[in-house]
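Colleague: As given, the protein sequences belong to chains E and D, one line each in that order. Mapping of the first sequence onto my numbering: position 30 corresponds to residue 30, and the numbering continues sequentially without gaps. Mapping of the second sequence onto my numbering: position 69 corresponds to residue 69, and the numbering continues sequentially without gaps.
By construction, these hints were calculated from the structure, which means they are not laboratory data. The beta-carbon is built from N, C-alpha and C at its ideal position, and this holds for glycine as well. A hint or two may mislead.
As the list claims (entries may be wrong) - Reference listing, derived: stretches of chain D covered by chain E, where coverage requires no fewer than 3 residues with Cβ under 8 Å from a Cβ of chain E:
id : stretch
1  : 114–122
2  : 138–146
Stated by the list, open to error - Not close to chain D: a few residues of chain E, all C-beta gaps over 10 Å, as computed:
id : residue
3  : 160
4  : 409
5  : 416
6  : 428
7  : 468
8  : 505
9  : 532
10 : 537
11 : 575
12 : 610
13 : 656
14 : 663
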Amino acid sequence: MIALVGLLLVDLGLLTLAGIAAVVARRRDAHTIVYGAALALSALGLAISSAHFLGREAPASLVLPIGLPWLGAHFRLDALSAFFIALGHLGAAAASLYAIGYGRHETHPARVAPFYPAFLAGLALVPLADDAYTFLVTWEFMSLASWALVMAHHRRAENAQAGFVYLVMAAFGALALLLAFGLLAGASGGYAFDAMRAHPPKAVVAGFALALALIGAGSKAGLAPLHVWLPLAHPAAPSHVSALMSGVMTKVAIYGFMRFAFDLLGPPDWRWSLAVMPLGAATALIGVLSANMEIDLKRLLAYSTVENIGLIFIALGLALAFEADDLSRAAALALTAAMLHAFNHMLFKSLLFFAAGAVLTATGARDLNRLGGLFDRMRWTSLSALIGCAAIAGLPPLNGFVSEWLMLQAVLLGPAFPQWTLKLMTLGMGAAVALVAALAAAAFARAFGIAFLGRPRSPEAARAGEVDAPMRYAMAGLAGACLLAGIFPGVLIDALKPLAQATVGAAMPLQSKIGWTSIAPIAELRSSYNGLLVFVFFVTAGVMASFVIHRFASAALRRAPAWDCGFPNSDPATQYTAQSFAQPIRRVYGGFAFAARETVDMPRPGDPRAARLTIHMHDRVWRGLYAPIGAAVEGIATRLNPLQFLTIRQYLSVVFGALIALLVLLAARS
Amino acid sequence: MNGLDFDVSHMLAGALVLFGFMLLYQTRLYALINVYAAQAIVLSLAVAWQAYVQDKPHLYATAAIAFAFKAALIPYALHRAIVRLGVAREVETVVGVGPTMLAGLACVALAIVVMLRIATETDALAREDLAFALSVILLGLLMMVVRRSQVSLVIGFMSLENGLILAAAGAKGMPLVVEFAVAFSVVVALVVIWVFLFRLRDRFGALDAQALDAFQGERR
Numbered sequence: 001m002i003a004l005v006g007l008l009l010v011d012l013g014l015l016t017l018a019g020i021a022a023v024v025a026r027r028r029d030a031h032t033i034v035y036g037a038a039l040a041l042s043a044l045g046l047a048i049s050s051a052h053f054l055g056r057e058a059p060a061s062l063v064l065p066i067g068l069p070w071l072g073a074h075f076r077l078d079a080l081s082a083f084f085i086a087l088g089h090l091g092a093a094a095a096s097l098y099a100i101g102y103g104r105h106e107t108h109p110a111r112v113a114p115f116y117p118a119f120l121a122g123l124a125l126v127p128l129a130d131d132a133y134t135f136l137v138t139w140e141f142m143s144l145a146s147w148a149l150v151m152a153h154h155r156r157a158e159n160a161q162a163g164f165v166y167l168v169m170a171a172f173g174a175l176a177l178l179l180a181f182g183l184l185a186g187a188s189g190g191y192a193f194d195a196m197r198a199h200p201p202k203a204v205v206a207g208f209a210l211a212l213a214l215i216g217a218g219s220k221a222g223l224a225p226l227h228v229w230l231p232l233a234h235p236a237a238p239s240h241v242s243a244l245m246s247g248v249m250t251k252v253a254i255y256g257f258m259r260f261a262f263d264l265l266g267p268p269d270w271r272w273s274l275a276v277m278p279l280g281a282a283t284a285l286i287g288v289l290s291a292n293m294e295i296d297l298k299r300l301l302a303y304s305t306v307e308n309i310g311l312i313f314i315a316l317g318l319a320l321a322f323e324a325d326d327l328s329r330a331a332a333l334a335l336t337a338a339m340l341h342a343f344n345h346m347l348f349k350s351l352l353f354f355a356a357g358a359v360l361t362a363t364g365a366r367d368l369n370r371l372g373g374l375f376d377r378m379r380w381t382s383l384s385a386l387i388g389c390a391a392i393a394g395l396p397p398l399n400g401f402v403s404e405w406l407m408l409q410a411v412l413l414g415p416a417f418p419q420w421t422l423k424l425m426t427l428g429m430g431a432a433v434a435l436v437a438a439l440a441a442a443a444f445a446r447a448f449g450i451a452f453l454g455r456p457r458s459p460e461a462a463r464a465g466e467v468d469a470p471m472r473y474a475m476a477g478l479a480g481a482c483l484l485a486g487i488f489p490g491v492l493i494d495a496l497k498p499l500a501q502a503t504v505g506a507a508m509p510l511q512s513k514i515g516w517t518s519i520a521p522i523a524e525l526r527s528s529y530n531g532l533l534v535f536v537f538f539v540t541a542g543v544m545a546s547f548v549i550h551r552f553a554s555a556a557l558r559r560a561p562a563w564d565c566g567f568p569n570s571d572p573a574t575q576y577t578a579q580s581f582a583q584p585i586r587r588v589y590g591g592f593a594f595a596a597r598e599t600v601d602m603p604r605p606g607d608p609r610a611a612r613l614t615i616h617m618h619d620r621v622w623r624g625l626y627a628p629i630g631a632a633v634e635g636i637a638t639r640l641n642p643l644q645f646l647t648i649r650q651y652l653s654v655v656f657g658a659l660i661a662l663l664v665l666l667a668a669r670s
Numbered sequence: 001m002n003g004l005d006f007d008v009s010h011m012l013a014g015a016l017v018l019f020g021f022m023l024l025y026q027t028r029l030y031a032l033i034n035v036y037a038a039q040a041i042v043l044s045l046a047v048a049w050q051a052y053v054q055d056k057p058h059l060y061a062t063a064a065i066a067f068a069f070k071a072a073l074i075p076y077a078l079h080r081a082i083v084r085l086g087v088a089r090e091v092e093t094v095v096g097v098g099p100t101m102l103a104g105l106a107c108v109a110l111a112i113v114v115m116l117r118i119a120t121e122t123d124a125l126a127r128e129d130l131a132f133a134l135s136v137i138l139l140g141l142l143m144m145v146v147r148r149s150q151v152s153l154v155i156g157f158m159s160l161e162n163g164l165i166l167a168a169a170g171a172k173g174m175p176l177v178v179e180f181a182v183a184f185s186v187v188v189a190l191v192v193i194w195v196f197l198f199r200l201r202d203r204f205g206a207l208d209a210q211a212l213d214a215f216q217g218e219r220r
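Generate coordinates for the entire structure from the input sequences, incorporating the hints supplied.
Modeller: Below you can see the structure in the form of structure tokens.
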């Protein structure tokens, strides 16, 4: 109870801070005050929520007399919400620390500073809500605060466009959630979550509610085909906000889905996962392929968020299916994998957005083809980004590997399903996860290689220098967290035990009993992984290799001009570009996923003009789904437009006619 | 409820509908306003009778409010408005009197059919009351549709509101505060319309709703 009150007070503090920020935003040290206070409040919230979560305290609830008079505002803190609140506050604390440095370079501080604490409050309030009304209000508050941050630099046309698409999608998602709650409340109108838990819906109603929750929460999380706003809106915000939107807000959306699927809808049906898992796989594939094609660094990261959300949804679908078939240990494994990946993704995606923000601060460029050569110029940023890229690419001994490995372990339990559909589908999911992991590695090898290695591709990149201390500390802290979470995953898995216990009624075996920091998801005989061992191996191998190289090769090293094949102009543009690095993947998957075509305009012999290679790609989801909907809305609006120009009497006649028609209908029906 | 109570309230509600019909065929503004005042007097009688029958003292207050505002203040204000505005005393109708009356009959029939069908469980008094009230509402709307003058739009609106009050008085237990709110809103509406009429006259020199249509701004 104390924890719940404390968290609500933290949120109140954040809202107050938003008001203060609006007043002081124009002062020169405003960013220090606002982000410093946000850091302190987030750290406090993190301490309270993680103490509640790790202490395995009983759920606490509270009703405040605000909001609808007959309902009040219900708040509840249980294992599920405490986990997501702790995750959110950790991300918020890192982002606030980063922003103490990043905010100094903000061109319009008054448009960012007031909305930032409000956004943090929204993120932390959604998981606390315990009735439909409070949930929707806090959800919309979160959406609107982040929308205001997306629109911070609204004079750029693409940001205004992103804000518009985001607003439409957020409204659509909230509508779906509203309808889902309406279905659950039923005719009796019990909008408190307690009332919904007490009366789980019938199978058909639950199916519809799940579909609506998938649309509503999925549109915010970035589930295909509702992901289109995400790569537009996340990069448009200032970088610390992009980190929060990708790292935390998508997790709050996953929380929303889990609150429905694992709590409010009652016992799950195995058929639900037939919708959840393929959607997750499609999302992951679309996300990772788009990330491979993208040349804007921040948009690339946003597409990678879509990919990771897809992976998490695959694991959640598995957990639902296992739970429905009473395979509760396997459900606990899949759920733990999903939650661990959500946590890990928050760590490395925040880190990578911070690095992108640092690069943006240092060079002013987001286009990969204007970067390069930053490894020597921005050591801290580059090393942190390297760790982040390795982690998100799923390389051991970092944390991304652990959660994806756990996911595959859960997939390997697929043959235990009694339904053949699920057996075959998990097989497909395993292939999808493996493919996505490999493509993600390719995407981040490309992102890091083009952005940080090679020679600078633009004068701005050549002039770049290291960024402020708070930004470096935030990045280094997250990189350290990625490493630690990768080396000691057993600690995290054990910490997630109460969540799995509360959600699917079982937990993974205690990992701390297994010696030498190994983890074994099912049994030690079957499969186990030791992050520490891999780490020690990598460090030893690295140290030995560098010793050998320096001992025997460095002495013989001499610097000389690179041999340029006799080509007179060795411009940096002759290096790999972002597009050329992606060409193999584009040739294999591009035609199918993006209708990609390459046309070569080769001048005839003797013609001095340059040859041109042009790549044509378009987003199939946008063209196939959104463009027709947009055209239909526009067409209907044009048809209905004359209705705006009727006379008073015609309007009255319309009202009268409608009333008569309804009465006739009523008389005829009853 | 004994027979007499029922018969009297039935008669008063029926009279309200009758006045609604009379409103439909008035061609002079003064007569229109007078019929409206008469309808309001019948309304206050009907509400007072309900107060007596249901033994609800606060309905007397409703009746008093209806009388004061609708039977006295508003007709007086409209009379003055016509004199000050110097508008044509004759009302132009869009649809002829005959078809209008037929449409009115159809409306009343529809109201009765609907109410008899859907309100089978309520007692007879409330059901008949609701049927008459719905008839008055529909007649008021019909009048707003078929008349062209702004003043008759106002009268139609007020008459529609009479139907609402009748329905509310029949439904048991409408709180007094709602009555006050409705009465207040009617007065506000009157003030707004009053200002509107004057501005219209100043701007366009006519009170014909058609004059407005030419000034609706851009048109596609």
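Colleague: Against this structure, judge whether each hint is valid.
Modeller: Right, here's what the structure says about each hint:
| no. | hint | verdict |
| --- | --- | --- |
| 1 | 114–122 | holds (count 3) |
| 2 | 138–146 | holds (count 5) |
| 3 | 160 | holds, 25 Å |
| 4 | 409 | holds, 62 Å |
| 5 | 416 | holds, 57 Å |
| 6 | 428 | holds, 52 Å |
| 7 | 468 | holds, 53 Å |
| 8 | 505 | holds, 48 Å |
| 9 | 532 | holds, 72 Å |
| 10 | 537 | holds, 73 Å |
| 11 | 575 | holds, 55 Å |
| 12 | 610 | holds, 49 Å |
| 13 | 656 | violated, 5 Å |
| 14 | 663 | violated, 5 Å |
Hints 13, 14 from the earlier list are contradicted by this structure; the remaining hints agree with it.
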